[in-house]
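Below, each chain spelled out in residue letters.
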Amino acid sequence: MPFPDRIERTLTLARAPREVWQALTTADGLSAWFGERASIDLRPGGAATMTFAGGVTVDMRVERVEEPAVFAYTWRLPDLSEDDPRRTYVEFTLEPDGDGTLLRVVETGFAQLPVDTRRETYDSHSDGWSRELAELAEHLDGA
Amino acid sequence: MAPDIEAVAEQVFVALADPTRRTILAALATDGPSTATDLAARLPITRQAIAKHLALMADAGLVTPEPGERRRVRYRLRSGPVQLAQQFLAALAHNWDDRLDALQDYLTKP
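Quick mapping for you: the protein sequence lines, in order, are chains A and B.
For the first sequence, the working numbering assigns the number 16 to the initial residue and increments by one for each residue that follows.
For the second sequence, the working numbering assigns the number -1 to the initial residue and increments by one for each residue that follows.
Wrong hints could be hidden among the right ones.
[What the hints assert, rightly or not] These stretches of chain B come out as covered by chain A in the derived footprint (C-beta under 8 Å, 3 or more residues):
| id | region |
| --- | --- |
| 1 | 3 to 15 |
| 2 | 79 to 86 |
| 3 | 89 to 103 |
These aren't lab readings, by the way, just hints derived from the structure by calculation.
Using N, Cα and C, we set each Cβ at its ideal position, and we do this for glycine too.
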């Protein structure tokens, strides 16, 4: 079973890179096609949020801002819990294509291990518990 | 990327493909760590069948055995493998096709 780590799409848009850039990097643009509401502090490290239909808001972090060619951010997948440290990385690349734009979007990071899948970490933790419980059982047996 | 990531996800989906194992996992998620005897009292499944499935799922790392009362083995749900499988589903559910259609529509509006 191949585990998908990367999603990649390329499409041609009829508008020039400058217009596509506005759609990708401004709150007005993003809320027009991506989410219901958006906010963005457009600089590397800047915070952004996207609120989807249904009211789920996802925090994003702006990673690359190279107007009008590269825009990238990391975000938590809406399906994961809020305290989950995993993030995927989304990168948009804009290239002039005649009067329009060739837009490529790549999202990577789906195949990250959750923290407690690392068996060593988990096992040392669970060994600790087993020991404590065994000690408790002995203590109770002896009482 | 860890080499066993696909194997871990596969074990989750194999476990979830069986209705008895789904029932057992759902019971552990709902009621917390339980012994095979506890589960047999709550579910319409024999203790023997439950013990067999729990042993299989412990081998797969989906549940972890721990000492319970009266020297019985109690099983606890392990969320790591499930979170990993969730990541697989997230990739499938992540709908860039619809989003990019919406972007295209937005940019071709007069």
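Here is what the structure says about each hint:
Chain A is given as covering the region 3 to 15 of chain B, and this holds because 6 residues of the stretch bring a CB closer than 8 Å to a CB of that chain, at least three being needed. For the region 79 to 86 of chain B, the assignment as covered by chain A holds, since 6 residues bring a beta-carbon within under 8 Å of that chain's beta-carbons and 3 suffice. Check on the region 89 to 103 of chain B: 12 of its residues sit with their Cβ under 8 Å from a Cβ of chain A, so the three-residue criterion for coverage holds.
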